[in-house]
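Student: Residue-level listing of the chains:
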Amino acid sequence: MIIVSLLLVLLAILGAPLFAIIATSAMVGFHNNDIELMTMALELMSIANTPVLTAIPLFTFAGYVLSESNAPQRLVRLTNALFGWMPGGLALVCLAACAFFTAFTGASGVTIIALGAILYPALKQDGYGDRFNLGLVTSSGSLGLLFAPSLPLILYGVVADVSIDDLFRAGILPGLVMLVMLGGYSIWVNRHNRRPMGAFSIREVGAALREAIWELPLPIVVLGGIYSGFFAVSEAAAITALYVFVVEVMINREIPLRELPRIVRDSMVLVGGILMILGVSLASTYYMIDTEVPQKLLGMVADLVSSPLSFLVLLLIFLLILGAILDIFSAIMLVVPLILPIAANFGVNEVHLGIVFLAAMQLGYLTPPVGLNLFIASYRFEKPIMHVYSATFPFLVILMLSVILITFWPDLSLVFL
Amino acid sequence: MKRALEKLERAGRFAENTALVVLLGTMIVVAVFQIVNRQLLGSMFAMPWADELVRFIVLWLAMVGSIAACRDNKHIRIDAITHVLSGTVVTWIKIVVDVFAAVVCAVIGWQAFRLVREEVSWGDYVMGDVPLWLAHAVVPLAFFLICYQFLVRVLKLAYSIFRPEAGEASA
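Those protein sequences? They're chains A and B, same order as listed.
As numbered in numbering that gives the first Met the number 0, residues 0 to 416 make up the first sequence, in order.
As numbered in numbering that gives the first Met the number 0, residues 0 to 170 make up the second sequence, in order.
Just chain A, with the same shape it has in the complex (with noise of 0.2 Å):
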């Protein structure tokens, strides 16, 4: 068994696809258990036993429809408008922009593409740093991952069984955190290359919000629907996602007909890929649960600590570490189940232990070796890897401290509820 395992590691670090590793490690653990290997047949079909899971391919859809169509512009022209004319303006619009625009586009790396392209060039020309702007653009990339509608969210509900509009509230402080930090260090680093202040022109934002006259509905549709419970998740999603196709598509044209059929079909890869661990895992977890694999797992850590605030500490080196190894689609997937059982036992809330497993992941996005965002931003704007890693650091190091603050400050997550 302990072969089999490391063999397995082995082929994971090796590139072999997340699902085939799952996948074998559950049915070697049926096998080995008088478990019917079609077992990982009935857990994939399962997919179609849960409701809400109906929101992940339609809010990507959403979300890719948006991120080929011109909205990133107006979304910056419109946040230009509202915040530009602070101290350290434009940087605050980068922050505020690609948070918005992650929530609702589910935090695959499409931020960075959509956005740092019209970001990182202005922000260059407005005598920004060429570090800082390359560390801002990519650490900004997964910023946003804790508002709703974000695909992440929803997952940590549907694996964890938690309430989703409950994740969606929790989030909302400890993602407000993030932004507040990054935009404080922003203008701290920024203070001596003083510019003259903007003028606030409320033509101007007047102008944008004309532009932006379509999109307007969308977050207010969206974010007050779900947050008032006028609307469940999946409708919210099912609503985006005609919503977004019928403005993008007929409305405003931006997207041509012909153009549909590969949109559709690189948002539903990314479904693809991430439900297919999702079901693999789902028979993983089903393994693991027959054969107690977390009761043993608490029994070793309740002899390493004892207290909730010692757990905390030791949850957090778990999931940075795990962050720099696993995505954060899979990590969900897969640790969710095995560290839910500990947690309770330490009287951790499940809403804020889903915020702090979020919140970490996200750091996973900027840490070397494996960090999604490094790469996309290294090839996008075309500088070598290590120097994206130094740029990025100090945006990690403020990250960091944020989510250390949303650990062990449970209120934060728990105050909406």
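Any given hint could be a false lead.
[Stated by the list, open to error] Partial selection, computed: residues in chain A whose CB lies under 7 Å from chain B:
#: 1; residue: Val8
#: 2; residue: Leu9
#: 3; residue: Ala15
#: 4; residue: Met44
#: 5; residue: Ala47
#: 6; residue: Pro260
#: 7; residue: Met267
#: 8; residue: Leu274
#: 9; residue: Pro340
#: 10; residue: Leu362
[Said to hold, decoys possible] Covered, in the sense of this in silico footprint (three residues per stretch, anywhere, with C-beta under 8 Å from a C-beta of chain B), are these stretches of chain A:
#: 11; segment: 78-92
#: 12; segment: 395-407
Everything labelled a hint here was simulated from the structure, so no lab data went into it.
All residues carry an ideal CB built from backbone N, CA and C; glycine is no exception.
Chain B: place on chain A using the hints.
Tutor: Leaving out everything else, chain B in the frame of chain A:
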């Protein structure tokens, strides 16, 4: 031979795209109409099958999306090794992990096939009058196709080692 393979590749891609567009389109229309029906029309239309249909479309999208992900080489993996090593070693590593993935998919496909065969004898129905086994048949089918995709890529990779000038453009 090569021409025939390219044709097959294009046909496969077209079939996947068509299936994905039809599935996603149906899903959006049915899901939105359900909301309109309930909120605005006072549930004028009885649509007892709609919830189930939308849920099964998620499964079908997941499976077809997975086939497409395999063709586009977009399945989630830890791809650190390609950033560290280069040259023929990487190609050999890719061959090993893809053979592994193909075998795993064949096993899952076979288990899913066994399950579906059993479901035929259960005689269960979903969405009113659709046999359950038919709704589930996409799973074994998808895994066999994914297995085939991995094998095709292994062949292309092997070919690129022994005939370097042919390149590995699509692998």
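Student: Hint by hint, say whether it matches the structure.
Tutor: Structure-based check of all given hints:
1. Residue-level restraint check for valine 8 of chain A is violated (minimum Cβ-Cβ distance to chain B is 10 Å; threshold 7 Å).
2. For the restraint placing leucine 9 of chain A at the interface with chain B, the shortest Cβ-Cβ distance is roughly 10 Å, beyond the 7 Å limit, so the hint is violated.
3. Restraint check, alanine 15 of chain A versus chain B: the minimum CB separation of about 4 Å is within 7 Å; hint holds.
4. A hinted interface residue such as methionine 44 of chain A counts as satisfied when its beta carbon comes closer than 7 Å to some beta carbon of chain B; here the least separation is about 5 Å, so the hint holds.
5. A least Cβ separation of about 4 Å between alanine 47 of chain A and chain B falls short of the 7 Å threshold, and the interface hint therefore holds.
6. Annotation: proline 260 of chain A was flagged as interfacial toward chain B, and the flag holds, the nearest CB pair being 4 Å apart, inside 7 Å.
7. A least Cβ separation of about 4 Å between methionine 267 of chain A and chain B falls short of the 7 Å threshold, and the interface hint therefore holds.
8. Residue-level restraint check for leucine 274 of chain A holds (minimum Cβ-Cβ distance to chain B is 4 Å; threshold 7 Å).
9. The closest approach between the C-beta of proline 340 of chain A and any C-beta of chain B is roughly 26 Å, which is over the 7 Å cut-off, so the hint fails.
10. At a threshold of 7 Å, the smallest CB-CB gap from leucine 362 of chain A to chain B is about 17 Å, leaving the interface hint violated.
11. Counting residues of the segment 78-92 of chain A whose CB lies closer than 8 Å to any CB of chain B gives 0, so the stated coverage by that chain is violated, three being the minimum.
12. Check result for the segment 395-407 of chain A against chain B: violated, 0 residues qualifying (beta carbon to beta carbon below 8 Å, three or more required).
Checked against the numbered hints given earlier, the structure breaks hints 1, 2, 9, 10, 11, 12 and satisfies all the rest.
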